[in-house]
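Peer 1: Given these sequences and hints, build the entire structure.
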Amino acid sequence: MKSFHLSIKFIIIIIILICLLYLDFITGFVKIPFNEILKYFFNPSAVSEEYYILIKEFRLPRVVVALIAGASLSVSGLLMQTIFRNPLAGPYVLGVSSGASLGVALVVMGGSGIALKAGLNPGSHVVLLLSAGLGSALVLSIILAISSRVRDILSVLITGILIAGVVSSVVSILQYFATDINVKSFVVWTMGSLHSVSFSDITVLFPLVLLTTIFIYIFSKKLNLLLGGENFAISMGVKFKSLRIISFITVSILTGAITAYCGPIGFIGIAVPHIARWIFNTSDHFVLIPASIIIGGIFILGGDIISCSFTENGILPINAITAILGAPFIIWVVIKNKRTMV
Amino acid sequence: MNKVLIHTENLEFGYKKALTDPVTLDAAVGDIICVIGRNGAGKSALLNTLSGILPSVSGKIYFKNLELSKTKSIERPKFISFVPSKPEFLLNLTVYELAAMGRYPYTNIFDIKSLLDSKLIEDTLTEYNLSEMRQRPLWSLSDGEKQRVMICRAVIQQTPVIILDEPTAFLDYYIRQKLLNDLKALSIEREKCIIFSSHDIEISLKYCSKIWFFNNNLIETYSKEEFINKNILKDLVTY
Numbered sequence: 001m002k003s004f005h006l007s008i009k010f011i012i013i014i015i016i017l018i019c020l021l022y023l024d025f026i027t028g029f030v031k032i033p034f035n036e037i038l039k040y041f042f043n044p045s046a047v048s049e050e051y052y053i054l055i056k057e058f059r060l061p062r063v064v065v066a067l068i069a070g071a072s073l074s075v076s077g078l079l080m081q082t083i084f085r086n087p088l089a090g091p092y093v094l095g096v097s098s099g100a101s102l103g104v105a106l107v108v109m110g111g112s113g114i115a116l117k118a119g120l121n122p123g124s125h126v127v128l129l130l131s132a133g134l135g136s137a138l139v140l141s142i143i144l145a146i147s148s149r150v151r152d153i154l155s156v157l158i159t160g161i162l163i164a165g166v167v168s169s170v171v172s173i174l175q176y177f178a179t180d181i182n183v184k185s186f187v188v189w190t191m192g193s194l195h196s197v198s199f200s201d202i203t204v205l206f207p208l209v210l211l212t213t214i215f216i217y218i219f220s221k222k223l224n225l226l227l228g229g230e231n232f233a234i235s236m237g238v239k240f241k242s243l244r245i246i247s248f249i250t251v252s253i254l255t256g257a258i259t260a261y262c263g264p265i266g267f268i269g270i271a272v273p274h275i276a277r278w279i280f281n282t283s284d285h286f287v288l289i290p291a292s293i294i295i296g297g298i299f300i301l302g303g304d305i306i307s308c309s310f311t312e313n314g315i316l317p318i319n320a321i322t323a324i325l326g327a328p329f330i331i332w333v334v335i336k337n338k339r340t341m342v
Numbered sequence: 001m002n003k004v005l006i007h008t009e010n011l012e013f014g015y016k017k018a019l020t021d022p023v024t025l026d027a028a029v030g031d032i033i034c035v036i037g038r039n040g041a042g043k044s045a046l047l048n049t050l051s052g053i054l055p056s057v058s059g060k061i062y063f064k065n066l067e068l069s070k071t072k073s074i075e076r077p078k079f080i081s082f083v084p085s086k087p088e089f090l091l092n093l094t095v096y097e098l099a100a101m102g103r104y105p106y107t108n109i110f111d112i113k114s115l116l117d118s119k120l121i122e123d124t125l126t127e128y129n130l131s132e133m134r135q136r137p138l139w140s141l142s143d144g145e146k147q148r149v150m151i152c153r154a155v156i157q158q159t160p161v162i163i164l165d166e167p168t169a170f171l172d173y174y175i176r177q178k179l180l181n182d183l184k185a186l187s188i189e190r191e192k193c194i195i196f197s198s199h200d201i202e203i204s205l206k207y208c209s210k211i212w213f214f215n216n217n218l219i220e221t222y223s224k225e226e227f228i229n230k231n232i233l234k235d236l237v238t239y
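Chains A and B, in that order, are what the protein sequence lines are. If you're matching positions, the first sequence starts at 1 in my numbering and goes up one per residue. If you're matching positions, the second sequence starts at 1 in my numbering and goes up one per residue.
If you are wondering where the hints come from, they were derived from the structure by calculation, not from laboratory data. There could be a bad hint or two in this list.
Below 27 Å or equal to it, Euclidean Cα-Cα: the simulated DSSO-like pairs (lysine-lysine) are [as the list claims (entries may be wrong)]:
hint, chain 1, residue 1, chain 2, residue 2
1, B, 86, A, 221
2, A, 241, B, 206
3, B, 17, B, 86
4, B, 16, A, 239
5, B, 72, A, 221
6, A, 239, B, 113
7, A, 241, B, 72
8, A, 239, B, 60
9, B, 60, A, 241
10, A, 221, B, 70
11, A, 239, B, 72
12, B, 178, A, 221
13, B, 86, A, 239
14, B, 230, A, 239
15, B, 3, B, 78
16, B, 3, B, 60
17, B, 16, B, 86
18, A, 336, B, 86
19, B, 78, A, 239
20, A, 9, A, 31
21, B, 3, B, 234
22, B, 86, A, 241
23, A, 9, B, 119
24, B, 113, A, 221
25, A, 221, B, 119
26, B, 119, B, 70
27, B, 113, B, 72
28, A, 239, B, 17
29, A, 241, B, 78
30, B, 70, A, 241
31, A, 241, B, 17
32, A, 239, B, 70
33, B, 206, B, 178
34, B, 113, A, 9
Model, not experiment: these values are computed from the prediction.
Peer 2: Here's what the structure looks like:
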C-alpha cells in the first residue's frame, strides 16, 4: 500500500516535470511548433534549419541545464540538512555558493593573469568549474573545521553567514580594482543564467552530476541513520567522519559545478528538500534523493519560465526569481520547526 | 545461564583521559545490569565505550570471543544495540521508518528487506503497541512513546546485548515501571543481556539483577542482594 502511494506521487511529479519541460522548451522569443519538436527527436532531417539550430544550440541545452541545476542544488541542500542536522542548511545560506563565487571572482577579475600564464583561458567554463569547486570546498572545510569544535547548530549557521560576508567583501575589493569589462562579466554571472550554457558544456556537466548523484545515493542508508543523531549512527556502524567528508566532497562538486556554469542560484537548496519531505511524508533518503531531483527540476523550470515570459526583450535573472519563490518556503520552515526541531 | 556476552579486560575509558582505574567487567545472558554513580562519574562514557561510539583509552572489550575494536564497524550493530538517553530526531522521520532501521545491519546497501524482515518489524511494532501510530512523525510523540519506539527498534535489531543510557529519565513513574518491566521480560524470555544507567535507584533495584557501582576510581560489581545488604546506597545518597 505504501509503495503504491509512493509510485502514484512519483508519477504525478514526473508528469508535472514533463509538462514544465515542454512549456520551458517553447518559451522564448520564437515559438517552436510542437510537431517541429517531435520531428527533432524522431526525424531530425525533416526539421527546418532555423528550428534545428534553435533547438540544438539554445532550447535543448537550456532545458537540460535547468534540470541538472535543480537536481544538483536540491541534492546538495538535502545532504547539508542531514549532515548538519539543521533544516535551514543549504549551499546558499552556509556560504558554499559564496565560496564558489569567490573562486570565480578571483579568476574573472583577479587572477586572469595567472590563468593565462598557466595556458588556460580564464573565460572558459572548465576553468570556472575548477575555481568554483575549489572555492566551495574551501568554505565547506572552514565550516567543517568549526562544526567539529562547536556542536551548536546555530553557531555553524552564523559562521556560514559570516563567511559569506567576508567573501562578498573580498569580491567588492576585487571589483574595485578590476576593469570595467571584467566587472560587467562577473556581475552578469552573479545574476545567474541558464542561457549561457552550450551543448558542449553539457557533455561535461551532465556526466559529472549524474555520477556524483548515483554515488551519494548509495549512501542513503547511512544518511538515514544520521537522522537519529551522531551517536546513534555510530552505534549502528556508520563511520561518521568519513561519511561527512564524502558528503562535503559531493556538495562541493555539485554546488561548485552548477555555480560555475549558471551563477549562484539561491534558495532552491533549502526549499526543495522540505517540499519533498512534505509531499512524500518521509525523511528516507532512498525516496528523498530522487524526489528532490525531480522537484528541484520543477522548481527551476518554473523559475525559468517566469524569468523568460515577463519581459518583452530580455530575461530576468533566475537568481531573483528563485529567491522570490524560495524565501516564503524558508519562512514556512522556520515557523513549522518550532514543533519539529526536537 | 551464565554465558558471558561482554567481557572487558583492563578497560580504561573516557574522553581522551581515563575516568577510572582499569576495569574488568562481565555481562552475561539474562543479566539486567544497572549502572549507578554520581553525575559526571562516567556512566555515559562507559556505555558509549561498550557500544563502540567512544574509542576506549586502553584495554580490551570482548563480545564472546571477538575483540570489539578489531571487528568491522558494520558487524558491531549485530551484537550490540544502543538506545541514547534523549533521542533526537531531525525532521519527520516516522515511527515505522525508525523501527525499520533495526534491520539495517542485515540488509544490503539499498535496504531491500526480506519478507521475514518485514514480518519481524510488523510483529514487534504490534507487540509494543506502536502499529497504529506507525505513520506518525517522531516529533509528535511523547518522551515515553519515543523511548518505546527506540526500544522496539533495538528488539528488531535482534542483538544479544542492549545498552540504554538513562532510559527512565523524562518518564513518569508509571511508564518507568512499565519500561523496566519490559526490559526484564526481554532479558529473561529472549535471553538478552541488558545494561542501563539510571539515577532512579529505587525503581531500578526492583527490576535489575546486577549493579555496576561507580565508587571513586573503581567500578564494583554487586548482585542486587549484596548491594542492598551492604548498605552501599548510604554512601551514594548521604550528603
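Peer 1: Are the Cα atoms of residue 241 of chain A and residue 78 of chain B separated by 27 Å or less?
Peer 2: Holds. Residue 241 of chain A to residue 78 of chain B sits at ~21 Å (cutoff 27 Å).
Peer 1: Mind checking the alpha carbons of residue 178 of chain B and residue 221 of chain A for me, to see if they're no more than 27 Å apart?
Peer 2: 32 Å, violated
Peer 1: Quickly compare the C-alpha distance for residue 70 of chain B and residue 241 of chain A to 27 Å and report which way the hint goes.
Peer 2: 18 Å, holds
Peer 1: Below or equal to 27 Å on CA atoms is what counts here, so check residue 241 of chain A against residue 72 of chain B.
Peer 2: OK: residue 241 of chain A and residue 72 of chain B at ~16 Å, within 27 Å.
Peer 1: For the pair we were handed, residue 9 of chain A and residue 119 of chain B, check the Cα-Cα distance against 27 Å.
Peer 2: 26 Å, holds
Peer 1: Can you confirm whether the C-alpha distance between residue 78 of chain B and residue 239 of chain A stays at or below 27 Å?
Peer 2: Given that 27 Å is the threshold and the Cα spacing comes to 16 Å, the pair holds.
Peer 1: Is the straight-line distance between the alpha-carbon of residue 17 of chain B and that of residue 86 of chain B 27 Å or less?
Peer 2: OK: residue 17 of chain B and residue 86 of chain B at ~25 Å, within 27 Å.
Peer 1: Does residue 86 of chain B pair with residue 221 of chain A here, judged by a C-alpha cut-off of 27 Å?
Peer 2: 22 Å, holds
Peer 1: For the pair supplied as a hint, residue 3 of chain B and residue 78 of chain B, confirm whether the alpha-carbon distance does not exceed 27 Å.
Peer 2: OK: residue 3 of chain B and residue 78 of chain B at ~18 Å, within 27 Å.
Peer 1: Would the pair residue 72 of chain B and residue 221 of chain A pass a check requiring their Cα atoms to be no farther apart than 27 Å?
Peer 2: 17 Å, holds
Peer 1: Can the restraint linking residue 113 of chain B and residue 221 of chain A be considered satisfied, given a maximum Cα separation of 27 Å?
Peer 2: 12 Å, holds
Peer 1: Decide if the proposed pair is consistent with the structure: residue 221 of chain A and residue 70 of chain B, CA atoms, cutoff 27 Å inclusive.
Peer 2: Judged against 27 Å, a Cα distance of about 23 Å means the pair holds.
The structure is inconsistent with the numbered hints 2, 12, 14, 20, 21 and 26, although it conforms to all the rest.
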